[in-house]
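Please model the entire structure based on the sequences and the hints provided.
Chains C and F supply the protein sequences, listed in that same order.
FYI, full-length UniProt numbering numbers position 49 of the first sequence as 49, with every residue one higher than the one before it.
FYI, full-length UniProt numbering numbers position 209 of the second sequence as 209, with every residue one higher than the one before it.
Note that these hints are calculated values from the structure, not bench results.
All the pointers check out, no bait thrown in.
Per label pair, the in silico range of CB-to-CB distance:
no., chain 1, residue 1, chain 2, residue 2, range
1, C, Lys111, F, Thr300, 38 to 44 Å
2, F, Thr16, C, Asp122, 40 to 46 Å
3, C, Ala85, F, Met245, 23 to 29 Å
4, F, Glu129, C, Ala104, 34 to 40 Å
5, C, Ser93, F, Thr300, 43 to 49 Å
6, C, Lys49, F, Lys47, 17 to 23 Å
7, C, Asp122, F, Met245, 47 to 53 Å
8, F, Lys47, C, His117, 34 to 40 Å
9, C, His117, F, Arg132, 50 to 56 Å
10, F, Gly298, C, Gly181, 55 to 61 Å
We treat Cβ as the ideally placed atom computed from N, Cα and C, and that holds for glycine.
Listed below are the residues making up each chain.
2 protein chains.
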Amino acid sequence: MRFSVTILGCNSALPTSERNPTAQVLNVSERFFLVDCGEGTQMQLRKNKIRFTRISHVFISHLHGDHCFGLPGLLSTLGLLGRTADLHIYGPSDTEKVFGPILAFFCRDMKYKVCFHSVDTDKSELVYEDKRVEVFSIPLTHRIPACGYLFREKEAERHIIRESLDFYNIPVKWIPLIKKGLDYVSEDGTVIPNSVLTKPSAKARSYAFCSDTKYSEAIIPVIKDVDLLYHEATFLSDNEGLADMTFHSTARQAAEIAKKAGVKKLILGHYSTRYKNTDLFRKEAAEVFQESYLAEDGMTFDIPNSGRDSEF
Amino acid sequence: MRFSVTILGCNSALPTSERNPTAQVLNVSERFFLVDCGEGTQMQLRKNKIRFTRISHVFISHLHGDHCFGLPGLLSTLGLLGRTADLHIYGPSDTEKVFGPILAFFCRDMKYKVCFHSVDTDKSELVYEDKRVEVFSIPLTHRIPACGYLFREKEAERHIIRESLDFYNIPVKWIPLIKKGLDYVSEDGTVIPNSVLTKPSAKARSYAFCSDTKYSEAIIPVIKDVDLLYHEATFLSDNEGLADMTFHSTARQAAEIAKKAGVKKLILGHYSTRYKNTDLFRKEAAEVFQESYLAEDGMTFDIPNSGRDSEF
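Right, dumping it as structure tokens:
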């Protein structure tokens, strides 16, 4: 089962001819969660052959245009494609105030409903869950209310070992309990330990998206030990003062957060257009945190099902 | 001096991975007039290396998202680039009502002024002029108020023949009058005909943009004899009924307008994504009007200075 992030856009406010403004999709077993929706997101979804019908949840980090100006076009297109299923948009409290009137004007005849969910950007809380995944907000420190999002797979049930169940003649009605980790107790009181009957499921995977934000250790407890962290790196350390002033981060600061939070891998993005050579971002981060990678539009970062220690 | 149209986007409402929604720039001597501004226009401007600072006038045909959703991103980017010069936006009366609040929310700190100009979409009128060019609206027939735009170079002054002026000892103060076409009359009453002293200037060039619209012969008097006509062709004749119902045109209808208006060349665009082979549009149009061409993103159509009969 897939758990992967595709970068649709990774530039900062000024898009270039190669890099779009911020947008990503998280693929959880072929259901797609859109994270931010900069201008051009719908074209990027097409380029990356992501089926629009598989998107039902959009998470907006903050209301700067480079993170949300793709919403009206995407919502219109979903309407033209004949969508009828509800679409849920999570974002700071003004999200509906800003985009509601645009929808009312441009998308009058749409056959589907857009449900806005206001996210409190001041604390981490569960904003969405289904049977596979939970999504928590991550309070960020930016010039306007902003939050990241933590996607965490739910712990799956243990895998039964068919041969052991047959060997011990386990009744079928016991299987759901054994999957949950219970030992089997037969009618004569014999106990078969769960570890004989099941194998552990794959570890639950997790992804944290943190953009835009200045360096803030307050997020560390929320993103602790995630498999994959996207942390903005608008500047290099040569512009640390500017990063601070504009409430952005440097590559080194992103790496420090990754290291302190004990994450497995770090993706950098949201590069300022002032830098022509983005490899400098990777180098600067890798000095602090070895497992640092650069986001590029169209790139997919996979977290394999086998667990947290696998390569992607 | 350049007079050319670059296609930034030429698809209909649903953009594809190769074709962006509608936007074009008309280059009049390195001043750029933006016509429509679909999502992704700012990225297309960058790809086509068009300098943002050279754009001061934007003409919006109608308020369907695929013709204007690129405005917020472009306006934000102009602000981030430090623009201070006014930007003028021409469009149907609701344009300011729709985009004003978005600007107010997202572009609070911009150092330049956006001036909205309401265009009456029911009649053709002069909406803009400067020393080189006049822009007229073209009433179109669509589901909502819509107009095209006719760009017409002003007639340039006649070119003086330096040798003739020297030969006849024409005083310098007479030159402006001679450029305007007057004969020279010397103090002793001798008349030197203007045709001996000047050559005609290059013919004034013209471009008409007509999208979106159903077939309407009412536009013919407005676009009569233009050098270059862009006319939408959303469908082929196999879907003429659908074209009529949705207030769009077929390639054949676009060609009929071109023929009846006596234009020199026709560009087709705004193709429905249902057609995979756009060459069918050219073929269908060429049966009626030989000089029919297909718009593609990134293509530039030049009208040379030498006049209306030159190739591009």
